[in-house]
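Engineer: Fit chain Y to the given chain H structure using the hints.
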Amino acid sequence: MTDIGRRQFVRDGLVFAATAGVSAAPSVARDTGSTTRIAWLAGNAGPLPTPAYLEALRTGLGSWNWVEGRNLTIDARWGEPASAERLASELLALRPNVLVAQGAMVLGARNLKTQIPIVFGFSGDPVEAKLVTSFSRPGGNLTGIAMQSLDLIGKRLELLKEIMPSLARVAILANPAHPGEQLELQASRRAAEKLGITVSYFAVSSARDFATAWPALLQAHAEAIVAFPDALIMSQARAIAIFAKQNGIPAVSGWSEFADEGNLLTYGPNLRATWEQAAGFVDRILRGARPAELPVEQPSSFELVVNQRTATELGLTLPAAISMRTDRMIR
Amino acid sequence: MERRAPLNLGNLVRRVLPRSLLGKYIASFVAAVGVPLIGYTVADIWLASTEHRNALIQIQRANAENAAFRISQFIRDIEGQLRWMTHLSWEESDGKQQRIDALRLLRQVPAIVDLALMDEKGRERLFVSRVSLDRISTLADRSGEVAFRDATSMGVHYGIVYFQRDSEPFMTIALSGARRDSGIVMAEVNLKLARDIVSRIRVGREGQAYAIDRNGRLIVHPDASLVLRNTDLSATIRSIDADPGAALHRIDGLTGQPALLAQVMVPPLDWRVLVELPIAEANQPLWRALERSLAIALISLLVAVAIAVAFSWRMARPIRLLMTGAARIGAGHLDHRIMIDTSDEIAQLGRQFNTMTAELQGSYATLERKVAERTQELTEASSAKSRFLAAASHDLRQPLHALNLMVAQLRAETSPVERERLAHRIEQAVASINGLFDDLLDISRIDSGVVRAEISAFPIQAVLDRVETAFAAEAQAKGLRFSCRPSELWVRSDPVLLQRILGNLVGNALRYTRQGGVLVLCRRRGGTIRIEVWDTGIGIPQDKYREIFSEFYQLAPVGALRGEGLGLGLAIVTRLCQLLDHTIDVVSRVGRGSRFSVCVPAAMAEAGASSLAEAPEAWDDPLQGARILIVDNDADVLQGTAGLLGLWGSQTVTAQNRNQALERLGNVAPDLMIADVHLDEGEDGVQLVEALRERFMVAFPALIISGDVSKSTRERILAQGLPMLEKPVAPARLRAAATRLLRSATRPQASTSRGE
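Line by line, the protein sequences give chains H and Y. Quick note on numbering: my numbering labels position 91 of the first sequence as 91, and the sequence is numbered without any gaps. Quick note on numbering: my numbering labels position 211 of the second sequence as 211, and the sequence is numbered without any gaps.
The hints are simulated quantities; they were obtained by calculation from the structure and are not laboratory data. Treat each hint with caution, since some may be false.
What the hints assert, rightly or not - Which bits of chain Y does chain H cover? Going by a derived footprint, with three or more residues having C-beta under 8 Å, they are:
#1 101-110
#2 124-135
#3 344-358
#4 586-595
Here a beta-carbon is modelled for each residue, glycine too, at the ideal position from N, C-alpha and C.
Bound conformation, chain H alone (with noise of 0.2 Å):
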């Protein structure tokens, strides 16, 4: 501490002797940009809005003085979660600073076992899927944002009972492979028991499994769909909107995106918003934290989404509750 004040003393007192201009560099890091990489793990693009995600992380460190392409080089790959691995060694042999895994992508990159710090967005139970020993302590070289609120599941259940006040049988669509999944269908479970409502679940691995899903959920005489959040889903956004519409069943999930696809609506984190706060776990990593002590964060304000189109569509009325509590409203 007195050798940082010498330091500074002396420094002045160059600056006060010599009135040379020394470059006023916050950060030795940033002065040498061409060092400083991050790689970005994301899951596959297309449907999935991933790129709007690593746009949102762009715009987070710009907030911290990180600009791609002067003072940061970013290493972005797309992939299906069985790359996951492949894609992480590849990206972790160009020995970025930071690897930022969105996702379950983050999954390929633990199992590389490296040193190098992983940033992740993810939308299981980080303890659950043994990415951190806790939130407060996270303990090893990963932390980041944990998106997942079992408790919204439940919200989400009582916002379509609120829309629908006669809703009886919900379809629940769910990736099994997704961490943490069991917990949220079991929490769907209890929720929906306090509703008044019976549920079936529908497992979808693949994209391909929707094919064989649908049939089965009409023969469920479901009346609305619950989707479980996750890149699989995201991905299928689309296609479950165009099924909803077709039967009219509409269907809710988590991400936002999943309403701007065409969907009734979302409750759930503002992932632009959370990815732009995993930029600050980013910065400060590169400034010299160690993330095994930087605990693990939660959203701490969820979006109701609600697109009016296809509820008009679908012959639904809002009533003033939802009005009331929506945050964007897509028209």
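Structural biologist: Coordinates of chain Y only, in the frame set by chain H:
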């Protein structure tokens, strides 16, 4: 030990202090500037640090209060929003309106996670949540909850902060409505959102403001991760509470670095806001001020030293110039001049030095010249003396040689007539030798200061008479005319010495004159009497006027006059004139003659006859029949002296020592005693005189005749009041002295006796 310490210190100071003037000047200058400067710097730094500390306390407190105010405001805002929810009564209400209100509230206040409304009995009427399922009119009894009880009894409840998943901080706030039947509103508040409030508070560069709850758990911090990490600050709280009076606490802060902490309580809650500033940063302005002050002090000191050196050099250089200049002058370089180009006192001193040196140089030159002159004089005098001694010894040898020849001739001569002639010539030779000795002794006596002038007023005629008497026979024998013109004038001089002067002048004149004559006359010239001695002699060339008077330098006796004396007369005259303060001069023409004149102060004629005027009346001879004791260890001298005195009619008693004297005198005291100083066997003539006078109880006159002319002997004899003659003594002198002593003894008023 301690008593000696100041002494040692003094020695130390003396040893350290510069010895040269330059060093002392520099030291004084530097001390004069440096001490106040250092004092000022120390005071400045002290004041700056105090002010800095006070300002820091103020700023820190203001920051803490600001943060506390904002957090407090955050809570009060929530409270205010919640209070709206307590306006409606639960009587006759289905809760729909309340639900809408509650949902609106959730929209407006993001920090509220869920909200519960209870009637006054504690039954839950409404529960809305962002996360959990809403509940309407469950009427569940929640009256047992602390929040409800507090809100009912005190109007408001602030719950203990709790952490969801041991990570996110939450707090329960409950309010009772203004009306009793409006029940209680209870909200769960996510405190993470308060982060934005404190993150806007800047505390210096690295400082931070944060809030902790009553247990020391971090609740609000700009860095959310610290909150989420369950940071426990209870140790910090304890050390702050240990010193509640301090405005600032110096303890390890959140970052683990020593920091200055200020705390302020958040009004409605049991929280406190801590504002932390790392000590390094807090002290940075102080260090900067210190550095600046020291730099300024150092530069000032250096400038002071430089000025001191320059000034001291300017001051010390002229003094050094003076010093080296004085040293050079002291070493004898009298032509050295000190050049100081300033216009101050030192330059004046330099000029005075130069003036002094110039004067010194002048007087030194004068002194050298005088020394040279004196040396020249002494050399001349020495050579003159040598010449004189050569001449004197030569002229003594001449008559001695003649004497030897004549004595030998006398022995062989049988003719009585021829023997008579030889005896006469022997007498002449002896007289010549005596005269020569007399003159030499006179000069010696005058030079050694034995002769003292006894000045008195007397008629010049008395002296003239004696001179005429003395030389009349000689002039007649040479066939020259000689006369002294009578004079009534009185003069002021020593009659004996003046007589000697005139005698010498007349003797000289007679000696150098072959035909014609010599005339002595006196003229009055104002206050002086000029006694002139005219002759018709050979004359003196004008270029020899000076030389004939100068010491030891004599006009060589001219051929035929050789053997008639050395011509010491004028040398004696010159000395006596100097002694008497008379002037003498000479006018002469070669072959025609000379005129010597002596100027003597005139005196008033006195009434009555002088003793000298009476002198002729005492010409009866006292030697006739006088009984005279002669004591001398030399038998020849004894016999010769006794023979002479016997011839002059005296009765003599001779003795070679004391015993003989006593034996031969018998019981009768002598009329006069003549004694040598040095007798055999250590006897002393002077003491013998005294002894005999005591023996006979009579202060008979005594005369000492001695060959010892040393000053000590002379003074001893004079101390006894005894007259003295130096050997050899001419018979005439002996007779004169004996006569005078006997005569004075017979005259009662002129007794020489001291003892009576």
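Engineer: All hints are to be evaluated individually against the structure, with a verdict given for each.
Structural biologist: These are the hints, each one checked on the structure:
With 5 residues having a beta carbon nearer than 8 Å to a beta carbon of chain H, the segment 101-110 of chain Y meets the requirement of three or more and the stated coverage holds. With 6 residues bearing a CB less than 8 Å from a CB of chain H, the segment 124-135 of chain Y meets the requirement of three and the coverage assertion stands. Requiring three or more residues with a Cβ within less than 8 Å of a Cβ of chain H, the coverage given for the segment 344-358 of chain Y is violated, as only 0 such residues are present. Check result for the segment 586-595 of chain Y against chain H: violated, 0 residues qualifying (beta carbon to beta carbon below 8 Å, three or more required).
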